[in-house]
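> Sequence lines, in order, name chains A and B. Note that the numbering used here has the first sequence beginning at 579, numbered continuously upward. Note that the numbering used here has the second sequence beginning at 4, numbered continuously upward.
The set of hints was computed from the structure by calculation and includes no laboratory data. You may find that some hints are simply not true.
A partial selection of chain B residues facing chain A, derived with a Cβ cut-off under 10 Å [what the hints assert, rightly or not]:
hint	residue
1	Y34
2	G36
3	T37
4	C38
5	S42
6	G45
7	G167
8	A170
9	S171
10	G203
11	T207
12	L228
None of these values were measured; they are calculated from a predicted model. Ideal Cβ placement from N, Cα and C applies to all residues, glycine included.
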Amino acid sequence: MPAAAIAALLAMPLAACSPTQPTRSPTPTPVHTALFASDAEALKAATDAYAAYQHVTDEVLHAGGQGADRYEKVALGSALEKALDGARQFREKGLHTTGESRFDSVQLQERSSKSVSFYVCDDVSDTDLLNSSGQSQAAASGTKRTPWQVEAKADGGSTLLISKRDFWTGSDFCQS
Amino acid sequence: MPVLVAAILVVASLGGVASSASDDCGPVGQYGGTCSTGSIAGDHVDVGAHGGSDGSAGGNGSDDEASDDTNAPTPPAGVPCPAGIACGGNAVVQVQGGVTMSALASFYPQKPTVSGEPNGWAIIGLDANFVSSAGRHTASGPLAGQPATVRFTPVRFEWDYGDGVHASTATGGATWRSLGVPEFSPTPTSHVYTAAGSYGVSLTVEYTAQYRIGGGPWRDVPGTLTLSAPTFTVIAADAKTVLVQRNCQADPRGPGC
């Protein structure tokens with residue numbers, strides 16, 4: 579039997595006899611200095627990143643999904659993939675939007691040395707979804723405010739890019 | 004066919020609930036106003052929808068495939084769904100202008116029950132086995148002209164055996180017979196009483212829920228809901244093994260009886 583295996587076997591009963599209550603280690607001090615010094619800074623950067631993302635979304639969707647490569651300047655990862663897929667759907671269905679999207683109620687969820695996660699409410703009240711004939715395709719009483727969970731990551735500098743953007747399907751915190 | 008879109012629901016607690024995000028609301032749904040939400044409200048799940056105008060051309064943004072709803076039951080508006088019965092007909096429908104409507108439907112899980120074996124009694128020092136009826140199930144009903152379904156999945160069973168002992172199990176248990184073990188064998192949900200008496204066995208079941216509208220994808224409802232089973236009474240008593248000459252029920256005065 580290899581020595582390592584024997585050592586492992588010997589260690590097992592020792593481990594079993596060790597105190598079951600682990601020693602509580604001191605709570606580690608959060609290290610945020612790598613990206614942002616405060617929640618407020620993180621929130622500001624996240625808000626700016628989301629504003630840039632939404633601005634590009636309006637540009638691309640106004641153009642019926644054309645020029646979707648503009649998303650590469652404001653998004654990466656799964657958020658980029660989904661944005662490109664959404665633009666493709668617009669091209670395939672001959673849809674486009676008019677008006678300007680907005681967002682509000684940005685709430686910080688978590689920040690780390692690499693990313694910032696937050697909740698946000700999108701508001702498309704001032705937009706319309708039109709088909710190629712110019713007919714509105716938006717539901718007459720449709721909900722124009724939608725809840726999202728978003729993550730933004732640093733692009734190497736201090737600017738954030740939207741890396742995840744998922745629809746929140748639970749209780750709608752944008753409708754209170 | 005009306006188009007489903009999101010409804011006004013209970014405000015979510017943002018902290019600690021981080022499993023409900025998904026990507027079934029693409030830009031077509033978002034700008035078309037057809038993204039929907041669900042929430043837990045006490046002992047049931049609310050799913051909300053607004054029906055859009057059906058006067059527009061097809062492809063108006065719903066991410067869900069419209070399903071044939073001709074077989075969907077039409078409950079009386081405003082009639083409460085009886086507690087303890089799986090139903091989805093608690094819809095309050097408002098017709099607006101003849102072409103649009105909004106609806107909020109409540110979906111109740113089946114109320115869990117507890118049974119025991121031996122039925123209603125236990126032998127001191129031996130395992131009494133308790134089994135809950137709670138399992139994964141669905142409740143369905145119409146919502147703004149589309150079939151909506153909520154799926155309830157029990158994830159935790161909290162037992163109070165009535166003698167001060169509590170247990171938490173991931174299973175509702177099973178009968179000795181279905182487990183293929185002899186009677187009075189220990190099971191994940193069995194309990195040994197150490198003193199004679201009458202005990203009330205209480206059970207609460209924690210469920211997670213998902214919902215879907217039409218043929219759309221299942222969507223998680225954040226949080227869990229908890230339902231209690233009616234108290235099950237069990238009498239614990241001593242049992243003695245004695246040698247008797249005949250059946251004591253037939254001849255109570257027989258030797259050994």
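> Now look at each hint and say whether the structure bears it out.
Hint check:
1. Interface restraint check: B/Y34 against chain A, minimum CB-CB distance 4 Å, threshold 10 Å, status holds.
2. Nearest Cβ of chain A to the Cβ of B/G36: about 2 Å, under the 10 Å cut. The hint holds.
3. Checking B/T37 against chain A by beta carbon gives a least distance of about 6 Å; that is within 10 Å, so the hint holds.
4. A least Cβ separation of about 5 Å between B/C38 and chain A falls short of the 10 Å threshold, and the interface hint therefore holds.
5. At about 4 Å, the closest approach between the beta carbon of B/S42 and any beta carbon in chain A falls short of 10 Å, and the interface hint on this residue holds.
6. A cut of 10 Å between beta carbons decides the hint on B/G45: the least distance to chain A is about 13 Å, and the hint is violated.
7. Look at B/G167: its Cβ only gets to about 24 Å from chain A, farther than 10 Å, so that hint breaks.
8. At about 20 Å, the closest approach between the beta carbon of B/A170 and any beta carbon in chain A exceeds 10 Å, and the interface hint on this residue is violated.
9. Interface hint at B/S171: violated, since its Cβ lies 19 Å from the closest Cβ of chain A, which is beyond the 10 Å cut-off.
10. Checking B/G203 against chain A by beta carbon gives a least distance of about 33 Å; that is not within 10 Å, so the hint is violated.
11. With a least beta-carbon distance of about 22 Å to chain A, the hint placing B/T207 at the interface is violated under the 10 Å criterion.
12. The beta carbon of B/L228 comes no nearer than 13 Å to any beta carbon in chain A, farther than 10 Å, and the hint placing it at the interface is violated.
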